[in-house]
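The chain contents come next:
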Amino acid sequence: MSAAQDTVERLRREVDLAIQRGYKGANYLTSGAPEVGQSRKDVLATRGTMRLYHYHPLVDEVYRVPILIVMATTNRGYILDLAPGNSFVEFLLKAGYDVFMLDWAAPVPAEKNLRIEDYVLDFIPDCMRRIRKETGEKDVSVAGYCFGGVLSVLYTALAGKEGPKNLVCFTTPIDFKQMKLFQNWSSQKHFDVDRLVDTYGNVPPEMIHTSFEMLRPASRAAAQVTLWDNIWNDEFVRGYRQLDRWGNDTLPLAGEYFRQTTKELMWGNKLFSGELAIGGKRVDLGAIRQPILHAVAEHDHIVPYEAARHLIPRVGSKDKTEMILKGGHVSLLAGPNAARRLWPKLDEWLGERST
Amino acid sequence: MSDKADTRSEKKAEKKSEGIKSPLDAFRDFVGQWERGVNQIANEAMGNEQFSRLMHGATSAAAGAKAGIGEAMERYLATMNLPSRADITSIGERLQAIEAQLNRLTEIVATMATVEAQPISLAAKPKRTRQPPARANGAKP
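Chains as they are written, first to last, in my numbering: chain A, 1335 to 1689; chain B, 11 to 151.
Treat the hints as calculated values from the structure; they're not laboratory data.
This one's a predicted model, so the numbers in the text were calculated from it and none came from an experiment.
Do not take every clue at face value.
Claimed, not checked - Across the chosen pairs, the derived CB separations fall in these ranges: (1) A/1526 with B/144: 53 to 63 Å; (2) B/113 with A/1393: 29 to 39 Å; (3) A/1570 with B/113: 40 to 50 Å; (4) B/117 with A/1582: 28 to 38 Å; (5) A/1569 with B/55: 28 to 38 Å; (6) B/115 with A/1366: 36 to 46 Å.
Unchecked claim - Derived pair list, reagent style SDA-like, types lysine to any residue, alpha-carbon separation capped at 20 Å: (7) A/1499 with A/1620; (8) B/137 with A/1398; (9) A/1514 with B/51; (10) A/1514 with A/1494.
Every residue gets a Cβ at the ideal spot worked out from N, C-alpha and C, and that includes glycine.
Model the full assembly from the supplied sequences, consistent with the hints where possible.
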């Protein structure tokens, strides 16, 4: 093809895309929110902010050991079940796991006094009890994402023999001093957490959402330019809208839980120093003896590797693995890159330990 | 919280390696560089103590204003003999507590009637005998 023909062909293509952008842009603005979380499930339990789901198996023969996914308290669990064909939950179901999820609803004002103890010593053990009853299996694996990972670690360290069979953590911080920007924003010198919690009760979701957005302030504008560029591509737009819906769907945090997290973890860094006590018991990471896998992302802007890397060296398990993968805080676990990188590796690790 | 920026830069790298070019590529590169540059500068600016002080000054002022307006509004509503948001919330909380009690009672009744002996979940009950592919194919674990 000559240079002139090539230029004409490119121009023709750009004009074609520009027309499609106009037409599909109008569709984008007038269409409703995308559907998410479509894997069939039963709600096994609802207790205030706590939701326990049991997903319907997709195969005739599952692994003996069920898995409980513990979602981060700041965000909705449907990030792990965005759409058929793009769902971590669906992948696990098809791979033969019996999947449960501990998800969170927005805590109501009456739940402002919930503390880390309520999550670690009540909600998670309650879900474990219900799963054991539901499946008839004593052994249950636990997998926690982000702060759900922190809660899972605390639970496992304190549960003794009642704890999980296997522990999987996704991008779980241990050294909170390494979360540099969050550290600066929650600086003890300037941040009056008591005034915030005493005034608002629960921490408003807008505040949590803004703090995540501020980590990459230009990214929203750049994402919108990329959306316009690709708005002719239905698949891209669908994926963008699902992720965007989830990103904007931040949950409020229970006031006392936020106060405790700020003082004990952000200021005191007590999980790292070994001084953290939950319900009067000191949390010793060395007490975790279960097989453990920690998957971390190379380009995680929320939980940098420096904050997450201490988990594996500190646990007492003999069978322990750290997996560093390309991707960011979300793309580690959700989306097409996760389907290619993390999911098959996790299946390989967990399948061996779920019989 | 999402990290679309990482995905975008990975896709760009893949595109480059495929040698695909379009007239908009320069613009796309510019947007990518602009995004990285602004994020980096903003992160540096937000990482200093002055930013933290200013940010919390604003947050504190907003909290103070909220508390002040809330108190004034409460006094006004009390004068007008109308319920405040706190009153409505309190009623909602009591209703929720009653609902929770009812749920607990329902569970107890269900247990007493041995209904709980039946599966709670509607999901089908598959066999729990699956083996990982390697082991199922006869390989050593």
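Taking the hints in turn, this is what the structure says about them:
1. About 56 Å separates the C-beta atoms of residue 1526 of chain A and residue 144 of chain B, a value consistent with the hinted range of 53 to 63 Å.
2. For residue 113 of chain B paired with residue 1393 of chain A, a C-beta distance near 32 Å keeps the hint of 29 to 39 Å intact.
3. For the hinted restraint 40 to 50 Å between residue 1570 of chain A and residue 113 of chain B, the CB-CB distance of approximately 43 Å keeps it satisfied.
4. Distance hint check: the CB atoms of residue 117 of chain B and residue 1582 of chain A are about 35 Å apart, consistent with the given range 28 to 38 Å.
5. Checked against the given bound of 28 to 38 Å, the beta carbons of residue 1569 of chain A and residue 55 of chain B, roughly 37 Å apart, stay inside it.
6. Roughly 39 Å separates the CB atoms of residue 115 of chain B and residue 1366 of chain A, a value that falls within the hinted 36 to 46 Å.
7. Proposed proximity of residue 1499 of chain A and residue 1620 of chain A is supported: the alpha carbons are some 16 Å apart, at most 20 Å.
8. The suggested pairing of residue 137 of chain B with residue 1398 of chain A holds, with an alpha-carbon distance near 8 Å, which does not exceed 20 Å.
9. The hinted pair formed by residue 1514 of chain A and residue 51 of chain B meets the criterion: a straight-line CA distance of about 15 Å does not exceed 20 Å.
10. For a cut-off of 20 Å, the pair hint linking residue 1514 of chain A to residue 1494 of chain A is broken: about 33 Å separates their Cα positions.
Of the hints listed earlier, the one the structure fails to meet is number 10.
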